[in-house]
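Protein chains: 4
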Amino acid sequence: MVIETQNEEPKHRIHLSKVGVKNLKTFVVTERSGLRHHIVPKVEITIDLPADLKGIHMSRLVESMTEELSDQFMVHPSIEEIQIKILEGLAHKHPFSRSEVRFDFEFGYSARTPVSNKRTWEVCDVTAITRKVNDSPFIHEVEIQVIGNTVCPHCMANNDGLTHIQRAIGKLRVVGTTKSIPTYGSMIDVIESSFSSKTYSLLKLEDEMHVTKQMHDNPLLIEDVCRNILQHAKDAYSESDLEIFAEARSLESIHKHDVIAEGRIVTNGD
Amino acid sequence: MVIETQNEEPKHRIHLSKVGVKNLKTFVVTERSGLRHHIVPKVEITIDLPADLKGIHMSRLVESMTEELSDQFMVHPSIEEIQIKILEGLAHKHPFSRSEVRFDFEFGYSARTPVSNKRTWEVCDVTAITRKVNDSPFIHEVEIQVIGNTVCPHCMANNDGLTHIQRAIGKLRVVGTTKSIPTYGSMIDVIESSFSSKTYSLLKLEDEMHVTKQMHDNPLLIEDVCRNILQHAKDAYSESDLEIFAEARSLESIHKHDVIAEGRIVTNGD
Amino acid sequence: MVIETQNEEPKHRIHLSKVGVKNLKTFVVTERSGLRHHIVPKVEITIDLPADLKGIHMSRLVESMTEELSDQFMVHPSIEEIQIKILEGLAHKHPFSRSEVRFDFEFGYSARTPVSNKRTWEVCDVTAITRKVNDSPFIHEVEIQVIGNTVCPHCMANNDGLTHIQRAIGKLRVVGTTKSIPTYGSMIDVIESSFSSKTYSLLKLEDEMHVTKQMHDNPLLIEDVCRNILQHAKDAYSESDLEIFAEARSLESIHKHDVIAEGRIVTNGD
Amino acid sequence: MVIETQNEEPKHRIHLSKVGVKNLKTFVVTERSGLRHHIVPKVEITIDLPADLKGIHMSRLVESMTEELSDQFMVHPSIEEIQIKILEGLAHKHPFSRSEVRFDFEFGYSARTPVSNKRTWEVCDVTAITRKVNDSPFIHEVEIQVIGNTVCPHCMANNDGLTHIQRAIGKLRVVGTTKSIPTYGSMIDVIESSFSSKTYSLLKLEDEMHVTKQMHDNPLLIEDVCRNILQHAKDAYSESDLEIFAEARSLESIHKHDVIAEGRIVTNGD
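Protein chains in written order, with the working numbering: chain A, 202 to 471; chain B, 202 to 471; chain C, 202 to 471; chain D, 202 to 471.
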């Protein structure tokens with residue numbers, strides 16, 4: 202007979218907001234609009250724990266994922282739909298008031314070099330979270346991080362056009378319902394269009410010259426990049442209800458440290 | 202004549218909540234109650250940016266730190282006092298509504314092995330943030346992370362006393378005014394007393410036997426560790442006004458993934 | 202007309218052993234014995250540079266990969282064959298005496314829980330390198346890292362059977378020709394059979410009890426784990442010519458630090 | 202009576218090259234030529250293990266360090282002398298043929314801004330290893346990593362002077378006896394003088410303009426940076442017997458990936 206330690210009275214009756222598994226790894230395949238993505242996410246699945254129970258049943262959280270993703274050849278329509286199914290499966294196995302599943306992964310997308318028109322693969326970092334609180338609808342939080350660059354306008358203006366240039370990282374995070382949440386592709390476009398220039402895996406000399414000229418024609422402070430992401434997201438998602446966060450970071454070429462900018466806006470689709 | 206690009210009109214009039222420098226490194230020495238600490242923090246200093254200004258003066262943020270910490274032999278009373286001075290110095294150099302300085306660093310403290318009574322150095326991770334919003338008092342946020350362990354009571358109860366044991370990590374974060382904020386030493390005590398056992402840099406065989414017995418007498422779920430941290434903090438800081446957060450993570454020895462628990466309480470010193 | 206800076210005389214005539222690209226990301230699909238793997242490697246491609254040339258043509262290194270991996274749906278027989286093709290393609294684009302391609306990636310494999318017999322996905326870390334020096338045959342170096350655990354026999358022997366247990370990491374690295382190099386699956390088996398117990402993504406209570414008993418029946422020092430990996434590899438690969446390296450690390454549950462062991466043997470298939 | 206598990210016969214009689222502790226943390230203070238350094242190293246201490254012994258006595262490795270570094274106020278002449286003392290102390294506690302101690306740490310040094318002449322602190326990463334094999338003299342291996350930048354000469358030559366600029370990282374590693382090993386300060390100078398420009402924690406506008414002009418006057422491929430480090434080290438250390446390795450990496454501003462160059466030379470002081 203099993204002793205259900207989890208159901209015992211805890212020593213301290215304190216409600217816990219999140220209990221679960223972290224750094225669990227799995228494999229998923231998605232396909233949307235004819236584009237297939239092979240994804241190796243690091244997974245976190247958590248629920249809340251009432252003050253009067255000692256513990257949760259951890260293995261049921263893992264099972265809610267393994268049962269959903271048992272077939273490695275199965276093709277899913279989106280990460281968000283997988284996450285909803287995991288939380289729905291979990292609701293049948295374990296009671297909770299609040300549940301959340303988080304995937305951190307690398308996401309690949311194809312691009313073309315700007316002049317030589319060669320096909321490349323680019324990769325960005327994605328965090329996708331789906332959350333359920335009581336009977337409220339599922340809420341999704343998607344954060345995408347893409348590498349671009351900045352050309353300093355302040356140095357350029359004071360230094361006869363000479364300036365410093367550096368790698369920069371742009372982040373866009375959106376929070377909304379299943380209906381509101383945008384595609385990863387559109388979020389990547391919002392970020393890439395916010396830098397002095399976007400970056401490429403492959404650049405032949407004619408591409409490199411083109412990109413370098415473009416960068417010098419579009420000098421931006423890190424504050425400009427952050428505001429560009431916010432404004433471009435607001436324009437792109439004006440029909441949806443979304444909370445939108447942006448962060449931009451530049452790996453300064455004249456310093457050992459970085460400079461950063463962060464902001465937040467809200468769109469209202471009504 | 203200098204062109205002040207920062208004072209220009211931005212393309213998009215959006216307020217930014219944080220703009221500044223990150224991953225800046227420096228050195229500080231503190232001494233409190235006769236204990237001296239050599240600290241090599243990674244520093245972030247940020248201010249907010251009004252919607253009608255293009256940028257901030259980044260070098261003034263760095264100067265607010267370098268001027269305060271220019272003398273490498275100077276001994277400071279605490280990290281919190283250094284951070285207040287940096288923000289006060291910054292207020293003379295640059296206008297802002299909201300400013301924040303964050304240090305991430307390793308913090309050493311001495312301990313004694315439990316039976317052989319030998320002296321050791323232990324090291325934990327600290328994040329210390331000081332924040333100023335308009336005319337409100339300075340608010341501090343201190344997070345400490347210490348390594349301990351867990352012994353699974355559920356497996357022990359069902360398996361004739363055999364169980365699995367693993368390294369665990371406890372985090373305590375407190376938020377409060379300068380008057381309320383506790384010492385790092387007391388926070389370390391709160392966390393270390395919340396594990397199945399605390400851990401040591403050095404253990405002779407007699408110590409190892411003692412610690413191992415103690416662990417088996419005190420089996421804890423990760424949920425128990427998290428609640429212990431919250432309860433011990435509540436007991437220790439009952440006279441202060443603090444917002445208190447705890448996180449516990451265990452690097453499961455029978456799994457490749459971790460398990461986690463998080464919670465929050467508030468103390469009210471009145 | 203293009204100025205070929207790379208072909209200029211360098212300021213200092215010094216031969217460089219490795220020049221190339223690093224932290225490039227891509228996607229590949231492999232299938233071997235009916236098992237399909239979706240892999241997102243971080244790629245490094247390098248060649249040597251003679252003392253009398255200023256630089257290499259970096260974009261040709263990237264092209265040697267993008268041309269080989271342009272079709273995201275293409276299924277390759279193995280990572281080693283992809284790497285050989287990249288170096289063969291590169292040989293047509295750029296002269297070199299020594300070339301090397303390295304992939305770092307996560308590799309998934311299916312497993313079954315030991316008692317409840319449920320199917321799980323496990324993930325390990327792989328580094329795969331292929332190297333070509335002048336007219337010598339291609340040499341491969343494969344390193345696999347798997348998570349298991351250790352139960353301390355020294356504490357157990359002195360402490361009435363009570364002991365400490367912890368997560369451990371085993372690494373096996375083999376170096377040999379295309380004919381000699383073993384499958385990833387066999388390398389994973391070698392490592393997993395060398396711990397006190399292997400670990401699982403999912404364990405129901407009956408599995409957890411089984412694994413915990415098995416661990417206590419098989420207490421091992423980190424030195425034992427390292428020697429087990431070496432001996433098991435020697436036994437498994439006795440028919441091949443391989444240089445074999447092992448590393449084992451245990452995340453001690455009674456200490457904040459780790460303990461490690463490393464060794465090397467050679468098999469001779471003759 | 203203690204059961205000495207370590208002295209038992211191992212299951213597999215295989216010699217292990219390295220057994221010991223890793224990720225141990227401590228604190229040291231050094232002073233050389235009036236400059237004081239507070240260092241928080243991550244420590245690895247290892248010895249070899251003969252084929253006929255099951256294990257080593259791990260706690261004696263830790264004690265060889267804690268006994269040497271027990272007094273937090275003690276000022277040591279150099280990291281190399283501390284490491285020699287640790288290995289000498291260990292030789293009295295535990296037999297070995299080969300022993301090694303490794304410190305990884307951040308090292309701070311003061312600098313002056315190039316035009317405004319303000320004092321700053323700069324920080325670099327250091328790995329310092331001391332090794333003893335049988336009766337041979339102590340051998341030291343010191344690796345220093347400093348952040349600088351590159352300005353691409355190939356793009357500049359083909360693009361009417363427009364080019365891309367980026368943060369770069371230079372590494373210099375030297376191996377030699379106690380007599381041969383250079384100061385950290387001289388190694389930092391070798392690396393900093395090898396970039397398009399060195400970098401600073403603080404730059405006022407006049408400094409930023411100066412640095413930016415200097416960079417454009419000194420465009421360098423990553424291959425050039427690597428060869429500069431090797432040549433400058435050869436020039437600086439021509440009177441010593443040293444094995445010298447250099448690595449340079451540039452965080453390309455027009456790509457998401459990095460480019461790298463590596464090389465090796467030997468100086469012979471005779």
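Among these hints, one or two may not hold up.
Copies of the same chain look alike in the list, so a pair counts if it works inside one copy or between any two.
Quick list of in silico lysine-lysine cross-link-like pairs, BS3-like style, CA-CA up to 27 Å [stated by the list, open to error]:
| id | residue 1 | residue 2 |
| --- | --- | --- |
| 1 | LYS294 | LYS372 |
| 2 | LYS223 | LYS243 |
| 3 | LYS380 | LYS219 |
| 4 | LYS435 | LYS405 |
| 5 | LYS212 | LYS286 |
| 6 | LYS435 | LYS243 |
| 7 | LYS435 | LYS286 |
| 8 | LYS255 | LYS380 |
| 9 | LYS219 | LYS372 |
| 10 | LYS226 | LYS435 |
| 11 | LYS372 | LYS243 |
| 12 | LYS414 | LYS286 |
| 13 | LYS405 | LYS380 |
| 14 | LYS380 | LYS243 |
| 15 | LYS219 | LYS414 |
| 16 | LYS243 | LYS414 |
| 17 | LYS243 | LYS405 |
| 18 | LYS380 | LYS212 |
| 19 | LYS255 | LYS372 |
| 20 | LYS294 | LYS212 |
These aren't lab readings, by the way, just hints derived from the structure by calculation.
Hint check:
For the identical chains of this complex, LYS294 and LYS372 are neighbours neither inside a copy (36 Å) nor across copies (29 Å), given an alpha-carbon limit of 27 Å. When the C-alpha separation of LYS223 and LYS243 is checked against a cutoff of 27 Å, the pair qualifies both within a copy, at 8 Å, and between copies, at 23 Å. For the identical chains of this complex, LYS380 and LYS219 are intra-copy neighbours only, at 26 Å inside a copy versus 30 Å across copies, given an alpha-carbon limit of 27 Å. In this assembly of identical chains, LYS435 and LYS405 lie within 27 Å of each other by CA distance neither inside one copy nor across copies; the values are 34 Å within and 35 Å between.
For the homomeric pair LYS212 and LYS286, neither the shortest alpha-carbon distance inside one copy (34 Å) nor that between copies (43 Å) is at most 27 Å. Taking the shortest Cα distances, LYS435 and LYS243 never come within 27 Å of each other, neither inside one copy (30 Å) nor across copies (34 Å). In this assembly of identical chains, the alpha carbons of LYS435 and LYS286 never lie at most 27 Å apart, being 30 Å within a copy and 39 Å across copies at closest. Within a single copy, LYS255 and LYS380 get their C-alpha atoms no closer than 37 Å, and across copies no closer than 35 Å, so neither meets the 27 Å cut-off.
Within a single copy, LYS219 and LYS372 get their C-alpha atoms as close as 25 Å, and across copies as close as 14 Å, so both meet the 27 Å cut-off. Proximity of LYS226 and LYS435 under a CA criterion of 27 Å is satisfied in neither setting, with 34 Å inside one chain copy and 30 Å between copies. For the identical chains of this complex, LYS372 and LYS243 are neighbours both inside a copy (19 Å) and across copies (21 Å), given an alpha-carbon limit of 27 Å. In this homomeric assembly, LYS414 and LYS286 never come within 27 Å of each other (Cα to Cα): the closest approach is 48 Å inside a single copy and 35 Å across copies.
Taking CA atoms no more than 27 Å apart as the test, LYS405 paired with LYS380 passes in neither setting, with 41 Å inside one copy and 37 Å between copies. When the C-alpha separation of LYS380 and LYS243 is checked against a cutoff of 27 Å, the pair qualifies only within one copy, where the shortest distance is 25 Å, while the shortest distance between copies is 34 Å. For a Cα distance limit of 27 Å, the shortest separation of LYS219 from LYS414 qualifies neither inside one copy, at 50 Å, nor across copies, at 30 Å. In this assembly of identical chains, LYS243 and LYS414 lie within 27 Å of each other by CA distance neither inside one copy nor across copies; the values are 39 Å within and 29 Å between.
Taking the closest pair of Cα atoms, LYS243 and LYS405 come within 27 Å of each other only across two copies (21 Å); inside a single copy the shortest separation is 35 Å, beyond that limit. For the identical chains of this complex, LYS380 and LYS212 are neighbours neither inside a copy (43 Å) nor across copies (31 Å), given an alpha-carbon limit of 27 Å. Within a single copy, LYS255 and LYS372 get their C-alpha atoms only as close as 39 Å, which misses the 27 Å cut-off; across copies the closest is 20 Å, which meets it. For the homomeric pair LYS294 and LYS212, the shortest alpha-carbon distance inside one copy (25 Å) is at most 27 Å, but the shortest distance between copies (45 Å) is not.
The structure shown violates the earlier hints numbered 1, 4, 5, 6, 7, 8, 10, 12, 13, 15, 16 and 18.
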